[in-house]
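Chains as they are written, first to last, in numbering that gives the first Met the number 0: chain A, 0 to 343; chain B, 0 to 302.
Keep in mind the hints are simulated off the structure, nothing from the lab. Computed from a predicted model, the values in this text were never measured in an experiment. The beta-carbon is built from N, C-alpha and C at its ideal position, and this holds for glycine as well. There's no promise every hint is true.
Covered stretches of chain A, as calculated for chain B (at least 3 residues, CB under 8 Å) [unchecked claim]:
#, stretch
1, 118-125
2, 159-172
3, 196-206
4, 314-320
5, 329-340
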Amino acid sequence: MNNINPKADVWVFAEQHNGQLEDVPLELLGKARGLADQLKVELAAVLLGDQVTGLAKRLISYGADKVLVAEHPLLAHYQTNSYCKVICQMIRRYQPQIVLYGATPIGRDLAPRIASELRAGLTADCTDLQIGDHKPANEERVYKDLLFQIRPAFGGNIIATIINYQWWPQMATVREGVMRMAEPNPKRKGRVIKVDVDLTPEDLPLEILQEHQQPRKVNLKAARIIVAGGAGVGSRENFKLIWDLANCLGGAPAGSRAAVDLGFIDHQYQVGQTGTTVRPALYIAIGISGAIQHRAGMEQSQKIVAINKDPDAPIFSIAHYKIVADLNDVVPRMIKALKEKATR
Amino acid sequence: MGYDCVVLVKQVPDTKRITGKVMNDDGTVNRAALPAIFNPEDLNALEVALQIKDRFGGTVTAISMGLPSAADVLREALYRGADKAILITDPRAAASDTLATSYILSCAVRKLSYDMVLCGRQAIDGDTAQVGPQVAQKLGITQITYVEAVEQLDGRSITVRRNIGNGWQLVRTRLPVLMTVIDTANQPRIPAAKRLMRFKKARARCEIERQLREQRPDLEEDKLKDMIGQVTSDLQARGLLIEQWDIDIIGADPTRCGRSGSPTKVHRIQSVVLAAKESKNVEPTDAGISQMISELINDRIIA
Chain A
0 MNNINPKADV WVFAEQHNGQ LEDVPLELLG KARGLADQLK VELAAVLLGD
50 QVTGLAKRLI SYGADKVLVA EHPLLAHYQT NSYCKVICQM IRRYQPQIVL
100 YGATPIGRDL APRIASELRA GLTADCTDLQ IGDHKPANEE RVYKDLLFQI
150 RPAFGGNIIA TIINYQWWPQ MATVREGVMR MAEPNPKRKG RVIKVDVDLT
200 PEDLPLEILQ EHQQPRKVNL KAARIIVAGG AGVGSRENFK LIWDLANCLG
250 GAPAGSRAAV DLGFIDHQYQ VGQTGTTVRP ALYIAIGISG AIQHRAGMEQ
300 SQKIVAINKD PDAPIFSIAH YKIVADLNDV VPRMIKALKE KATR
Chain B
0 MGYDCVVLVK QVPDTKRITG KVMNDDGTVN RAALPAIFNP EDLNALEVAL
50 QIKDRFGGTV TAISMGLPSA ADVLREALYR GADKAILITD PRAAASDTLA
100 TSYILSCAVR KLSYDMVLCG RQAIDGDTAQ VGPQVAQKLG ITQITYVEAV
150 EQLDGRSITV RRNIGNGWQL VRTRLPVLMT VIDTANQPRI PAAKRLMRFK
200 KARARCEIER QLREQRPDLE EDKLKDMIGQ VTSDLQARGL LIEQWDIDII
250 GADPTRCGRS GSPTKVHRIQ SVVLAAKESK NVEPTDAGIS QMISELINDR
300 IIA
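Produce the complete structure using the sequences and hints provided.
Next comes the structure, spelled out in structure tokens:
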């Protein structure tokens, strides 16, 4: 457990695969930059791997004041125990006040093991982070400048703000795609600090026999325009409407969980709490009723158009443009209108 | 030979059916107000353990920490094929966060002989996926998360396929190991009718006590205690006792359990309210749609 030190750093775990940084640490740096500025402390990225120092520049350009680099051949491939050991050593030594991880398969494997080892608190899958004060009901004292770890809970029916005011570091995993990535500034200056690594083969209990990774074919997070269909589209064949409209707009097709479960579109296109969280400039929801789990994954879109036969569909409560009508009638009209505008 | 598997199972509120007010004033969940179910991915974990037992022999022990009502999921585990069920229930464990929960569970697992500890990846009430890795750390054993299949078991060597999000990984390690299992791993078996008939009478001590108190409110405390003891040893003799452990039995430090052992606290709980936004109704006509598209172009939303 770390001492409570309001001057201590904010850290972001810089997840990388084969020398490529994931998006989520870059998203996190944008958010954490704001938190660190508010706390008037430094922001550090924590980078583990083999020969990865070259990535430090990019982390600095996205907001890090410094990059703590732990390099070792045994860190080339992620394993829970080796990464946990090195990060715990670093946390014990440098005593940061906040440590953030992406809620990726690796982040969700690693962070709880670290929290258990340090006996620290950890909040999973946050969708927002803020700095704020807390007064416990049974104490006179106000704990200032804590990390508010904000997350949906109970299947998205409530939003909980979690704190740890006595046991530091304050740690959280953060969902991918919910924090806005800052514009990188290649002129930003930062320091690279090399950290000693003490590992033995015993710290790698797994033998990785085979690994198969599909390149991410679909990158919904990067799409400026998303056209998403739900159960209301009716069939995989009729989903052609969604693809056509997306095509026309230069956007990406997507589906709700219901559409994926019904086999209308593949899982990698799924938007929502169990799929991808997106925040495009335009989100067109077609035949999607808008369960809370779906809205949680898209409600931060800049403009939302909803098309649904049911005037009471919850999706309309967050839509900017509401079209209460049969999608089979409306979508072709939209395609027609877009083509007309394009040729004009 | 065979393998001893311990499966951690949780009774969870069915979060798909949340209605009305189910939260306590302190922000914790009033679980009693919701239908309670067997956490879905814990059923997948139980199925993995049962398949190992079917193939190699050994034992399957189900452990659940929770309210006395968690005995329900333990009975379900017995219906499906678990050999033994253990209920950890103690008021001092209430309001435990994942750190305290994993501490209590690890103390309980340590009392058993095990080759593998299994649990679902995550529980649908919190969706944290933290307890598995935290139990593994406390036991000092290797964790393998997101398990889809146990491909090979050979002596003390285990080969497992795990889902790593955008692909899969085949890993080998030595027992003991903790595995968290995901929903695509298998189709959990349904309870066997014979086992259901047999184990529907299985009870934990707290259930026996509550039942006797209801049936015999006239009984003096001493008499009652005797009767509880009698019924308990009778059920035990017939293999129908769900063991009940408290934090003293498992040798846990009370300061590391419950609220005092939980670093995370709830600052605030808000119900999800739909954000009221400026919105327009669009007529489903060519003119209405054309107007909307013009606006989106003017706002530079579409090019």
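Which numbered hints fail: none
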